[in-house]
Amino acid sequence: MKKVNYLVISAGIAVGIAALVLTALGNPANMGFCIACFERDIAGAVGLHSAAKVQYLRPEIIGLVLGAFLMSVATKEFRAKAGSAPATRFVLGAFVMIGALVFLGCPLRMVIRLGGGDLNAVVGLVGFVAGIAIGVVFLKKGFTLQRAYAVSTVEGSVLPVVMTGLLILGLAAPALFHASTEGPGSKHAPALIALVIALVVGALAQKARLCMVGGIRDLMLFRDASLLYGFVAIFATVLVGNLILGNFHLGFAAQPIAHSSELWNLLGMVLVGWGSVLLGGCPLRQLILAGEGNGDSAVTVFGMILGAASAHNFGLAGNPDSLNEAKELVVGGIGTAGKIAVILGVVVLLAISLINSRQEVEAK
Amino acid sequence: MNQYIATFHTHVSALITTRTLTQNGISARMAPVPRKLSSSCGTCILYAADDPQQEKMDRDVEHIYRISPQNQYELLFQNL
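Protein chains in written order, with this note's numbering: chain A, 5 to 368; chain B, 3 to 82.
There's no promise every hint is true.
Within a straight-line C-alpha distance of at most 16 angstroms, the following computed EDC-like cross-link-like pairs (lysine to aspartate or glutamate) qualify [to be verified]:
(1) A:LYS145 x A:GLU364
(2) A:LYS343 x A:ASP228
(3) A:LYS57 x A:GLU186
(4) B:LYS58 x A:GLU364
(5) B:LYS38 x A:GLU81
(6) A:LYS144 x A:GLU332
Here are some chain B residues the structure puts well away from chain A; computed CB gaps all over 10 angstroms [claimed, not checked]:
(7) ASN26
(8) ARG37
(9) ALA50
(10) ALA51
(11) GLN72
(12) LEU77
These aren't lab readings, by the way, just hints derived from the structure by calculation. Built from N, CA and C at the ideal position, the CB exists for glycine as well.
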């Protein structure tokens, strides 16, 4: 086995352990780490949406970006670059986020949900793989968002600086931010511990190029499974941890912060897989790339935060399954607006995929 | 015959270059960029030829390295 595989596996195990620890310390069930959920919580914390249950300045996002930033600076891998279709990436980021919030989780949370026995995540995985396959078809047909160019260090440092600012404000003036008193936003590990864990995970993810999309994409494109080891390592670690801790509950119905409206679980993750291939990485990877100087990924993160705000302002996000007073299952899912948004997302991704192709590849 | 590796700013550029090399009878295959060469997750081409074939590279080529028998990378060209 190559050395790099050990690195990816180690990073995957670390992420899995971090997710278990953060859940044990207070993060919502099966949500030790979720980039979509946590960016949505930050969007709520800064008042971009007013869904009272999902507002909290999540230190995990801040830590991931700053961990990647510090690691890339320490290893002289910080490269300030930008200019690869930033406006298109902003839109893609928004729809990837809407897809993730329809499913109720980014690809990382999908893996964590799988490790908790949530079978709805298997449906999500099918959609995710299908979305990646669609994206790979367009890559083979010549899809490109054009290259990025070297930019000033300041331009490449925007997201780390923004995250540092949020961290300082969160510590110095926490009353500035909205904070849920009930619901997922109210459940969180102690902030300082979450920050430190995320700093370590961010640094490891930068070193290992951890990406939930990259492994499946590379397997399809090159028959190379290197990055897939990280995906599998996270799943295995969370699965074993949940079995030991008694938190493994196999089934579809009433899973923690999940719904069993399967068509929309599937289609939501189609959007996430497809959009992430076009972007060149999953939501976690976008944070890490932005940390190591990629301004286009910073724009993508801002797009994802706007997508999260839109998902709650327009009622697009999934509602979890719940039990009513008679202890009967009430299946959650999404409303009409959410369904329209997912279909619109498919249309937008198709248009972006078709428009941004090098003709000399299509001609062959 | 030497072993070379070319890295690219875009996947499509690697795809086009692979076709060009193959059409010219050069054995070439695409792969993820080795971690040692980059923290990005882009696409590279591994190929065997007598010289680096720089003139056959598409516009978004980033680096060309010669791979030594000891698996060391010797930078020959860069387009940042």
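Legend entry - Violating hint indices (sorted, rising): Result: hints 2, 6 and 8 break, sorted rising.
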